[in-house]
Structures are given as C-alpha cells and as structure tokens.
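Here the protein sequences come in this chain order: A and B. Read in our numbering, the first sequence has 541 at position 541, and its numbers run on one by one without any break. Counting the second sequence from 1 gives a position; our numbering is that position plus 582.
Calculated directly from the structure, the hints in this document are not laboratory data. Please note that a few of the clues may not be correct.
Cross-link-like lysine-lysine pairs, in silico, DSBU-like; alpha carbons within 35 Å at most [what the hints assert, rightly or not]:
(1) Lys874/B / Lys235/A
(2) Lys444/A / Lys484/A
(3) Lys817/B / Lys298/A
(4) Lys880/B / Lys235/A
(5) Lys1162/B / Lys1148/B
2 protein chains.
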Amino acid sequence: MSYLDTINSPKDIKNLKINELKELAKEIRNAILNRNSTIGGHVGPNLGIVETTMALHYVFDSPKDKIIYDVSHQCYPHKILTGRKDGFITEEGMSKISGYTNPQESEHDHFVVGHTSTSISLACGMAKARDVKGENHNVIAIIGDGSLSGGEALEGLSNAAVLNSNIIIIINDNEMSIAENQGGIYTNLRLLRETNGRAECNMFKALGFEYYYVADGNNIEDMIDILQQLKDINKPVIVHVRTQKGKGYKFAEDNKEKWHWNFPFNIENGEPKYVMNGENYNDITFNFLANKIAEDDKVVVVNAGTPGAVGLTPERRVILGKNFVDVGIAEEHAVAFSSALAKGGAKPVYMVLSSFVQRTYDQLSQDLAINKNPAVILVFWGGISGADVTHLCSFDIPLISNIPNIVYLAPTTKEEYLAMLNWGIEQNENPVVIRVPSAVFHSKEGVEKDYSKLNQYKLMKKGSEIAILALGSFYSLGMQVSDKLKEKGIDATLINPRYITGIDEDMLNQLKENHKIVITLEDGELNGGFGEKIARFYGADDIKVLNFGAIKEFTDRVPLKELYKKYHLTVEQIVEDIEKIR
Amino acid sequence: MSYLDTINSPKDIKNLKINELKELAKEIRNAILNRNSTIGGHVGPNLGIVETTMALHYVFDSPKDKIIYDVSHQCYPHKILTGRKDGFITEEGMSKISGYTNPQESEHDHFVVGHTSTSISLACGMAKARDVKGENHNVIAIIGDGSLSGGEALEGLSNAAVLNSNIIIIINDNEMSIAENQGGIYTNLRLLRETNGRAECNMFKALGFEYYYVADGNNIEDMIDILQQLKDINKPVIVHVRTQKGKGYKFAEDNKEKWHWNFPFNIENGEPKYVMNGENYNDITFNFLANKIAEDDKVVVVNAGTPGAVGLTPERRVILGKNFVDVGIAEEHAVAFSSALAKGGAKPVYMVLSSFVQRTYDQLSQDLAINKNPAVILVFWGGISGADVTHLCSFDIPLISNIPNIVYLAPTTKEEYLAMLNWGIEQNENPVVIRVPSAVFHSKEGVEKDYSKLNQYKLMKKGSEIAILALGSFYSLGMQVSDKLKEKGIDATLINPRYITGIDEDMLNQLKENHKIVITLEDGELNGGFGEKIARFYGADDIKVLNFGAIKEFTDRVPLKELYKKYHLTVEQIVEDIEKIR
Chain A
1 MSYLDTINSP KDIKNLKINE LKELAKEIRN AILNRNSTIG GHVGPNLGIV ETTMALHYVF
61 DSPKDKIIYD VSHQCYPHKI LTGRKDGFIT EEGMSKISGY TNPQESEHDH FVVGHTSTSI
121 SLACGMAKAR DVKGENHNVI AIIGDGSLSG GEALEGLSNA AVLNSNIIII INDNEMSIAE
181 NQGGIYTNLR LLRETNGRAE CNMFKALGFE YYYVADGNNI EDMIDILQQL KDINKPVIVH
241 VRTQKGKGYK FAEDNKEKWH WNFPFNIENG EPKYVMNGEN YNDITFNFLA NKIAEDDKVV
301 VVNAGTPGAV GLTPERRVIL GKNFVDVGIA EEHAVAFSSA LAKGGAKPVY MVLSSFVQRT
361 YDQLSQDLAI NKNPAVILVF WGGISGADVT HLCSFDIPLI SNIPNIVYLA PTTKEEYLAM
421 LNWGIEQNEN PVVIRVPSAV FHSKEGVEKD YSKLNQYKLM KKGSEIAILA LGSFYSLGMQ
481 VSDKLKEKGI DATLINPRYI TGIDEDMLNQ LKENHKIVIT LEDGELNGGF GEKIARFYGA
541 DDIKVLNFGA IKEFTDRVPL KELYKKYHLT VEQIVEDIEK IR
Chain B
583 MSYLDTINSP KDIKNLKINE LKELAKEIRN AILNRNSTIG GHVGPNLGIV ETTMALHYVF
643 DSPKDKIIYD VSHQCYPHKI LTGRKDGFIT EEGMSKISGY TNPQESEHDH FVVGHTSTSI
703 SLACGMAKAR DVKGENHNVI AIIGDGSLSG GEALEGLSNA AVLNSNIIII INDNEMSIAE
763 NQGGIYTNLR LLRETNGRAE CNMFKALGFE YYYVADGNNI EDMIDILQQL KDINKPVIVH
823 VRTQKGKGYK FAEDNKEKWH WNFPFNIENG EPKYVMNGEN YNDITFNFLA NKIAEDDKVV
883 VVNAGTPGAV GLTPERRVIL GKNFVDVGIA EEHAVAFSSA LAKGGAKPVY MVLSSFVQRT
943 YDQLSQDLAI NKNPAVILVF WGGISGADVT HLCSFDIPLI SNIPNIVYLA PTTKEEYLAM
1003 LNWGIEQNEN PVVIRVPSAV FHSKEGVEKD YSKLNQYKLM KKGSEIAILA LGSFYSLGMQ
1063 VSDKLKEKGI DATLINPRYI TGIDEDMLNQ LKENHKIVIT LEDGELNGGF GEKIARFYGA
1123 DDIKVLNFGA IKEFTDRVPL KELYKKYHLT VEQIVEDIEK IR
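For reference, chain A alone in the conformation it holds in the complex:
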C-alpha cells in the first residue's frame, strides 16, 4: 500500500506527517515519470514543483482557496493530489486527463490554460471578484519556466502589486525558462538567489510587493512554514521559491532544456521510445539559415523562448552565435524587435509557432505592417491538429492574412519553401510571413525564385469544369482530389495559390471560361480564411464555390483523422461534395 493510494482529494494529505509527505513526494515523482514516459509531456517543470504543490494543498483549502497555475507546465502534482492520479497510473486514465489545467476535469482547476504568462492576471480577477462579493479566501498564482518575461505577466504583476488585498504569487524559480532564461528580469532573480533574497535591488519590492524568499523549494517543511505564515494575508505578496527543475530524475536534472517536455521515453536510460527519421522543416530551416548567415552577417534569427520547438538546439544556437537572439517568452517584443531590425538594415527571421503568434496581432499590424518593414516571420505548425485545446494551430490564417501589407505565403514543397524564404530575406518591400509546411514534399519541376509580383497563383495542371485551389500543406490533398476526379472522368484544374493574402484576379477570371465549380482547400479555420475570399470574389458569378477547411471551433485532443472526417476533408468526402452540386 503506497501513500498515493490513500490520496483522493487534497484533504487526504493534510494529516500526513513530514516523513510521510516525503515518501509521497517520491511516489508522485514516479507517477509523473510513469505518465510522461508512456505518452510524453512536461517532465522537468513537474518534477521540480512537487514539494511546493504538496505544501500548497497541505496549507490551503482548495477549491475554496484558488490555486492558479501558469501555462500548466507545472500542474501534474496538483492533478495527482486533486483526484486525478489515475491519469498518471493507467493508460486509460492518461487518455482522459489532459496535460493542462481544466475546470471540466476538476473543481480544483479554475481555468483552461496552455499559453504562458496568464496566471497573475487571472489571479487578480479572481481576487477582485472575491472582494466585490465580500468573500474571504486566498488566491494563489504559481508562475515559472520563463513565463514571467511575457508582457501579460508583467502587466499582471504591476496590477497585482496595487490590489490592496490578498494575492499570493509564487515565483517558481528553477533557474530556467523552457530553454535558458533571457532578459533583465532573470538578472534580478539571479541576484536575489545569490543574496538569499536579501538584495535591496528587488524588482518585486520596487513594484510594491512584500517579498519572501525560499532557498530550497524542494524542502517541504520550509514550504509549509512559509505558506502557513502567509495564509490569509491581506496584501499582495511574492514568494520567490528556488526549486530544481527535473528534481529526482537524473537525466532531467542533468539536461534541463532537453527534459522540459519529452516524447515517450524509457525511464531506465532516458532514451526516446520512438525515433523520428527523415527530412523535417526544423532541420531544413536551420541548415538554410546557418548557410545564409555564413554568407551574410546581417541575417538575424529571432525566437521567443521556444527555440527547441523549431529545432534550434543548444548546439545550433552556438553555431548561429551573435546572429541568433532568443528574447525569452516575449512574442510581442519579438515582432517589434524584428520590425526594427529590418528597418535598421538587418535581415531578421523570426521563428514562431502558429499558436503563439496569436500573441502578436497588434505588433504584426502596428509595429510591422503599417511600417512595411521587410522582416521575415516563419510560422511553424500551422494547420488543423489533434492538439490540446490551448495549442491549436488553425487560426493563423484568419489572424495574419487580413492585415494589410503583409505577404503571407503558403509553400507546398521544400524547394518552394526555401525559394520563398530566400526571397523574403532578400527583398525590401514587405513584411513576409511564411507558413512552414508540416510534411516534406519535393517539387518535380523548378520553382520560381522571385515572388515580388504579388498574388500570382501557379497553375499546376490545366483542366476544365472543376478547379481546385489547394493551399500550402493541403496541396497534396488537392493532388489526390484531382486524381480521384480523373477516375471519374473529370480533368480538373489544379492550382497552387502560394499567396494567402491576395486574390489572383486574372487567373480566377480565366477560370470562368470553362469551369463550373471552384473548390478551395485550406489547412485551417474557414471563417476569416482563404477560401471565403474566393467565395466573395465569385459571389455575383455563376461559378459555384465550395470551401473546405476547419469549422470555427475549439477542439481538444481530437484525433486528426476524426477532425478530417468531421470537416469533410477526406478525398472521398470532397469528391462526394463536388458531385452533389455538379
């Protein structure tokens, strides 16, 4: 019988003795490793926060007291203690429990969270709601893993400081972001660690917080002590807690960046269970940029705190040297910074995931597009996916493509991608965003080098009756649809639009001559997307338009195959839909 067996809600740990809690901590670590080694997930952050989480639930009374996790990298121990341990023990349980906080899973979670830097703002709102309702409970935000450098967190911090009421912000300082810490904020955290929290030069005190330092946040007694002291405090406080990322698992302790998030692995040796082979756009992009920088010192690669996700490993960052800037989790800054790099005569290439580019709409519009600075942005992972609801990547086309002056390109092959990237870097006219495909295809024929004549679609196969506009990563789907139609005796026209941000009026007008139906295929949300612009263009014509893409909805870990079927994105469904209106 393990201690974990006895834990079904937070109240079950309140009666454990310290040595029992320490045993439980080991069991929790094993459970975390069990889940992550089986289905993948955040390893290091969760191993580091075990004791802090136990102390929180030991001292506070969740869900009356509100515990709000930032970005949810660190929520596994919390899930284990709040009735969801099965998600860490059995495979069936794992499939039911997500890797992020979610109120639908438990009353101990208050928000669905998967983007960084939100916990302090959310805690402020919960605290203010408590105050206007005349209630009494603690509101606790837990933030770490580099989230503190995000604008939303800093806005929240400044506001939390003047809340004049109970709010307890736990800074989980494991000396790391997802990769290394970046920025002046971490300069100060380091100073505070080095002075055991005593340095006068303290950004939190400067903002007006009461400040407490815990030198070993993996010591559960110390954590319980400080939290008992602060429970029910009537003012905003910071608890700066030093923890060890990856604590208790040697591989994760030794290589903190690699073990931030992992695919399934063998616990014994830390080796991944599955090896991925073949070409991928991370390698392709790095190799191209490294060569480019060797030729031209003005090329600067920019990333905002997630270099690993786009293939910029520590070794590769060393190779890029001073021509690589990781600004930390600060996506807004990354866009403005890139715009100004371009204005100043450098050649920036900002690499970002589709889900996180959402942070930057106003910077794309104001700092970049209005100024028409020729920065390049590479959007990775764009497309319909089976991801967690907080990491969907199907919204970047509506987000980016409706901003004037931006040229948003959708390459279909490796060769086209590299040609577009090279052109984007060398041109001086427009901000260029490129939607990096997922699977790697190759062009059979040569690709254009120059994309400066905007909005010229490429006619890949000339046919009649039906025209297929197959955008970017859905170009291969377009080819399949074309093949299937051929089987039915229809010689369809196939077009690679290339430009997401504009209409090739000449080509679309020519299609009217001998086409009755135009279909669009896009790997993303239909609302506000590419296909609707085609539908508008043909609105007053006799030509019929069918748009294929994702419905406007948030989906949560729905398998891609299921989504494709739901959205009528299989070859068979598309052909059926076409036949219905022929």
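Got chain A sorted already, so can you dock chain B onto it with the hints?
Positioned in the frame of chain A, the structure of chain B alone reads:
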C-alpha cells in the same frame, strides 16, 4: 524675427546659447498651442517634453543617432525641430503633417507609431541592427504617458537591459498616464521621484540598467548635461526624467487629464471651439452601468488606461467607485482580468476602443473564449474612419469574430444596444462582445431582451428578389438602400443580422425561395469579415452575393466621404452595383 524662423533642421539649434534655447522653448510651446487650438491634438504631453526634445537634438546627431518616440504623444517638438514647423504654424501645413511620427514625413522619424509601449522594443531592434552591421551611433527611446505599463514595453525593457550595447531609454515621468498612473510600476517611479532617484529599491537597476535621474526635465541645461554625459555610452541606460505635463499653459497644467488630448479650443480661455450636443454612446453606457451597479454590486467596469475616450470622466469614475478598475495601459491584462472576474462570479464590463482591442487577440482566445467565461466587452469606435493610420478601427470584426465561443453582437439602436448589454451582463454562457455603434438611432418597435438563442437574424422588412443584410452601424445605410430600391420598384427584404459571429442558416435558406441577390453591408474590413461568411454560405447556390465594406488597406487621414466612395458605400453606388448583376 523669431528663433523658430531660423530652425530648419536639428543642426540649427546646436549653436544657440542657453538663453536663446529658452526663448526658442517658448516659441515651440506657442507653435504647439497654435496647432492644437486649431485642429486638436495632444496638448499636455507635448508641452511637457519641449526641453527634453531640444536637449536631445542639441546633443545627439539625428538622423545618424536614432530617436524613437513611444506612441508619438510627445513628438510635436521633435517635428518642429526637424523641418516640419510649418505643420504648427499654417493651416495648410497642419493638414500635411500628422500628429504621429512617420518616416515618410522625415528622415528623423523611424517608425509610424500610434499605439503605446512600442519604443523600447523598436529601439532594441535598431540597436541590434547597428551592432550586426558594425556601425556606431546612439539609439534613444522616449517613453512616458503611461506607456511603460504595457506588456510590450515591459518585455522590451527586460530585453533592453541585457543588450550589452548602447541604448538610452528616457522615461518621461510627468506623474500622469493619459489619466492617472495605475500599477506598481508607478509606485516605484513615485518613490524614485521622492528620493531624487536615490532609492535602492529601483526596478530599472534591478533589471540591470544603469540609472540616472533628472529632477527637472524642463530645465534645458540639466537635460543637456545628462545627455552629453551619456552620449556614446556602451551599455543600456535609463534616464528617468521628471517633467511637468502641460508645462507653460495654465489650463493644461491645472487639469492634466482633460488636456492630454483636445479638440480645437480658444487659447485665451481654454474653452472648446465646438460644443457637441445630443445623445452619445459614452453617456448612454455610463448611465446604464451606473444604474446597474447601484442594483448589483457584482458589476465591475474595467478600462485600460483610456477612460476619457469612453466617457469615464474623473467624476464618473468616482461614482462607479470600487466597481471601476482602470488597470492602466495593459489591455492584455484587462481581458484576462475580466475573464477571471467572470469566473469568480463578478460581472465585468471591459470598455475598449476598437484600435486597442487589437492588443488582445490571444487573451480573447485563450484566457476568455476557451474558458467560455461570461465577461462582457464593449468595443467602441468600431468602423471605417478618417483616422490616422495607427488608429483605424475597421479590423475588429475579422479579429474578434473568427474566434470560437465568442458572441459578437452588432446592435443597431440605443434600445437594442442596452438590451444586448443587459443580457450580456446577466447571462452565464458565453463571452459577449458588443460593437458599440457610433451614431445614436432609436428602435421604433420593441427589441428582444433575450439573445441566448444565438445567431438569429431579425427580419425587419419582408420583400423579395433582393435581400439586404445590414450589420450594426450600417443598418441605417441598409434602410436607405431599401428605400432607393423601392423607388425603382423593388421591394427588398431588410435584415438586421445582430450576431456578427454566426450564420442564421434557417433565414438564409428561406431567402433562397424568392430572392436572387443577397447583399451584405458592414462597417469594417471585408477580408475576414461578416459578408464573406454569407458568400461562403451561398457558394454552391444560385443566389448571388455582393459584399460591401472596406478594402483591406491602411488609410491615413482620408476623409470618410472619400473612403465611402472608394469602397462603393454610397446608396447610389450600392444600388448601381446591384442593378449591374440583376
């Protein structure tokens, strides 16, 4: 002959003596007042920054040295000193020179800027570009008026601190934001002012900056001294400068918030030249919310640093009391905060301008929409306008309406607006955003109280052949088109869609029975907007669709009438376009 007569470029002030500079400062103030009293503009910020600007151009060599203004509230003296004084003297000049920095106006401007909090990030990019190119010059950011609390500024600050190279950030501290200062950052600025810059608890030093304090930034000798000392410095420095907002103009000194930005006024008595009468949505909204709060203490009005723009005067803020929260310029926080207020059981109403809601896409999506918290957001000023390019308000429909779970409503009358607002506050199902109309119309008949059956359009007049879907503030245009068509013997159907975020499939299908043409009218960008969804819906049908709205483009102070004509938004043009396809 004035000193100003002799100033045609920055080098012309370099030979002036101190007493001559002081005379010139007076002339610059008169020029600022001359412009603002004639055509309106930012008064207080520009009057306060005169000496700092003169010292910058006295010490540094623009455009070699790069001077980058935040939000451009404070760029008038810079414009006057850089060859654009005519924009402050003659009416013809005023129409040519904008109120914001613009590289097309002058080589001394580096960015088109009109949103806050961008200068530090932009300066970082310029500095990094300088460094990779091996150049030597100074990069100077000037930030004030509350911009420092914006996430982008704080991200930039953290990154500037570790730049390890020349960057000079001037914090223009006039003890004000647009309204009062809000947040812990300003707690620290106050402490630093009170200690003459000597307090150890200094957020800038904590981040790693060298820090300098100037107690009287309106003393030109002091400003010249400090800048000469810092010119060509090889590290990031902060110059915290205390200035007086409105300096030299009594009315502006006495009422700093009122005189931040003004419509044309009489210089002698400070009275506005034109008085606006009649109903407006600022008053309507305040009156409703004040009554609502009197009934229900859980209603909380939220604003992010621009209360005056939405009619929340200081007097009204006092009336709202603890049920009003100005979070300062921190739009992202405002959305997350509102989401959490709703989660916590309060009833938040966040009031924001269309142009500034652009800052919050990710918070709308992640913090709010994924969580389905029933916060209410009121978007003011949404629509096509003759505004400066940085303050256009025609993008909010593409921005907001393609996010799942959000209910974006477009009321057409005061009665409908208040019914929707009341419903939004009382319901518990969805985040509700309301696009506040501009002109006030009244409903002749009653309006529904309950909008929980989503996406039900309202049939206002049943006709045939042509159906007009006239959204929100363009409903009156729809009525005019309907009347004009009647003159031509066509009895058109007129529909108030009410819901921007969804399709009324039943009604749209019914229209197929006896309509050949459906037109949509929307007061905003067509790309990604409302009408395209209608075009997609009818894509495979015989019905023809014409979408009317704005082209995807940035316009800069183009008169509304001209834009309407360009976009085919006059009644005559719309009817002509319809007749062309009948």
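Now the hints, each set against the structure:
no., hint, in the structure
1, Lys874/B / Lys235/A, "holds (29 Å)"
2, Lys444/A / Lys484/A, "holds (20 Å)"
3, Lys817/B / Lys298/A, "holds (21 Å)"
4, Lys880/B / Lys235/A, "holds (21 Å)"
5, Lys1162/B / Lys1148/B, "holds (18 Å)"
Hint violations for this structure: none, all hints satisfied.
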